Amino acid sequence: SQTIHQWPATLVQPVGSPLSLECTVEGTSNPNLYWYRQAAGRGLQLLFYSVGIGQISSEVPQNLSASRPQDRQFILSSKKLLLSDSGFYLCACLRGGFYGYTFGSGTRLTVV
Amino acid sequence: SQQGEEDPQALSIQEGENATMNCSYKTSINNLQWYRQNSGRGLVHLILIRSNEREKHSGRLRVTLDTSKKSSSLLITASRAADTASYFCATEKNQPGGGNKLTFGTGTQLKVEL
Numbered sequence: 001s002q003t004i005h006q007w008p009a010t011l012v013q014p015v016g017s018p019l020s021l022e023c024t025v026e027g028t029s030n031p032n033l034y035w036y037r038q039a040a041g042r043g044l045q046l047l048f049y050s051v052g053i054g055q056i057s058s059e060v061p062q063n064l065s066a067s068r069p070q071d072r073q074f075i076l077s078s079k080k081l082l083l084s085d086s087g088f089y090l091c092a093c094l095r096g097g098f099y100g101y102t103f104g105s106g107t108r109l110t111v112v
Numbered sequence: 113s114q115q116g117e118e119d120p121q122a123l124s125i126q127e128g129e130n131a132t133m134n135c136s137y138k139t140s141i142n143n144l145q146w147y148r149q150n151s152g153r154g155l156v157h158l159i160l161i162r163s164n165e166r167e168k169h170s171g172r173l174r175v176t177l178d179t180s181k182k183s184s185s186l187l188i189t190a191s192r193a194a195d196t197a198s199y200f201c202a203t204e205k206n207q208p209g210g211g212n213k214l215t216f217g218t219g220t221q222l223k224v225e226l
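Line by line, the protein sequences are chains A and B. Residues in the first sequence are numbered from 1 upward in steps of one, following my numbering. Residues in the second sequence are numbered from 113 upward in steps of one, following my numbering.
Just so you know, these hints were derived from the structure itself, not from any lab. Fair warning: this is a prediction, and the values are worked out from it, not measured in the lab. Even glycine gets a Cβ: it sits at the ideal position worked out from N, Cα and C. One should not assume that every hint holds.
Restricting the straight-line Cα-Cα distance to at most 20 Å, the calculated cross-link-like pairs of lysine to aspartate or glutamate (EDC-like) are [to be verified]:
{"no.": "1", "chain 1": "B", "residue 1": "Lys213", "chain 2": "A", "residue 2": "Asp71"}
{"no.": "2", "chain 1": "B", "residue 1": "Lys213", "chain 2": "A", "residue 2": "Glu59"}
{"no.": "3", "chain 1": "B", "residue 1": "Lys138", "chain 2": "B", "residue 2": "Glu117"}
{"no.": "4", "chain 1": "B", "residue 1": "Lys205", "chain 2": "A", "residue 2": "Glu59"}
{"no.": "5", "chain 1": "B", "residue 1": "Lys182", "chain 2": "B", "residue 2": "Asp119"}
{"no.": "6", "chain 1": "B", "residue 1": "Lys182", "chain 2": "B", "residue 2": "Glu165"}
{"no.": "7", "chain 1": "B", "residue 1": "Lys223", "chain 2": "B", "residue 2": "Glu127"}
{"no.": "8", "chain 1": "B", "residue 1": "Lys138", "chain 2": "B", "residue 2": "Glu165"}
{"no.": "9", "chain 1": "B", "residue 1": "Lys223", "chain 2": "B", "residue 2": "Glu129"}
{"no.": "10", "chain 1": "B", "residue 1": "Lys181", "chain 2": "B", "residue 2": "Asp119"}
{"no.": "11", "chain 1": "B", "residue 1": "Lys138", "chain 2": "A", "residue 2": "Glu59"}
{"no.": "12", "chain 1": "B", "residue 1": "Lys138", "chain 2": "B", "residue 2": "Asp178"}
Sample of chain B residues lacking proximity to chain A, with all beta carbon distances greater than 12 Å (derived) [what the hints assert, rightly or not]:
{"no.": "13", "residue": "Glu117"}
{"no.": "14", "residue": "Gln126"}
{"no.": "15", "residue": "Arg166"}
{"no.": "16", "residue": "Leu187"}
{"no.": "17", "residue": "Thr196"}
{"no.": "18", "residue": "Glu225"}
Next up, chain A with everything else stripped away, as it sits in the complex:
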């Protein structure tokens, strides 16, 4: 079965600092990978998805970027964080069939 590793679990960063969140997947190859952001008490907003190495689709214009340097690695980055980048960031992988998606445990980012 698939397992998604996300780290760190919590992160406090000052405005203007860079960001790098990493997501790695075990138990599958050539997965479809996704980055979501969840504001407090809200639903999930899709930020980026990737169907393969180097292939990134961006869903919303924003201060963030994503990269997929390896098959099972998906990275979310920012050169300069904004206060509005605060939120709960979740990485997900498509399992397929009747199994839906597997989610990581998330990173809670607070920009101060």
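Chain A is fixed; fit chain B onto it per the hints.
Below, chain B alone, put in the same frame as chain A:
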């Protein structure tokens, strides 16, 4: 924009009662999925219903899908305190450039009291 809208936004029931949550969406879909999220945690997949299915069961969960009304419902029977969580519907659709996209609703916060 949110593809799905759940109602109610919050639901409080007594243990043993049934909980029903509804979801509406706007475009055509491949399937609709329901997820559960405990506070501050990742999401857990509960059940998936394909666009050509009308009803599906899994344990104490029952999901219906009405594609003509673009709506779905999740019923949790004989609820337990451990069912307390947020529940999200999500619609999946193929993308023209490849891959699938999963779009989430706004969620229902369920509280089951002893």
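For each hint, the structure was consulted:
{"no.": "1", "hint": "B/Lys213 / A/Asp71", "in the structure": "holds, 19 Å"}
{"no.": "2", "hint": "B/Lys213 / A/Glu59", "in the structure": "holds, 10 Å"}
{"no.": "3", "hint": "B/Lys138 / B/Glu117", "in the structure": "holds, 9 Å"}
{"no.": "4", "hint": "B/Lys205 / A/Glu59", "in the structure": "holds, 14 Å"}
{"no.": "5", "hint": "B/Lys182 / B/Asp119", "in the structure": "holds, 14 Å"}
{"no.": "6", "hint": "B/Lys182 / B/Glu165", "in the structure": "holds, 13 Å"}
{"no.": "7", "hint": "B/Lys223 / B/Glu127", "in the structure": "holds, 9 Å"}
{"no.": "8", "hint": "B/Lys138 / B/Glu165", "in the structure": "holds, 18 Å"}
{"no.": "9", "hint": "B/Lys223 / B/Glu129", "in the structure": "holds, 11 Å"}
{"no.": "10", "hint": "B/Lys181 / B/Asp119", "in the structure": "holds, 15 Å"}
{"no.": "11", "hint": "B/Lys138 / A/Glu59", "in the structure": "holds, 17 Å"}
{"no.": "12", "hint": "B/Lys138 / B/Asp178", "in the structure": "holds, 12 Å"}
{"no.": "13", "hint": "Glu117", "in the structure": "violated, 9 Å"}
{"no.": "14", "hint": "Gln126", "in the structure": "holds, 24 Å"}
{"no.": "15", "hint": "Arg166", "in the structure": "holds, 16 Å"}
{"no.": "16", "hint": "Leu187", "in the structure": "holds, 18 Å"}
{"no.": "17", "hint": "Thr196", "in the structure": "holds, 15 Å"}
{"no.": "18", "hint": "Glu225", "in the structure": "holds, 20 Å"}
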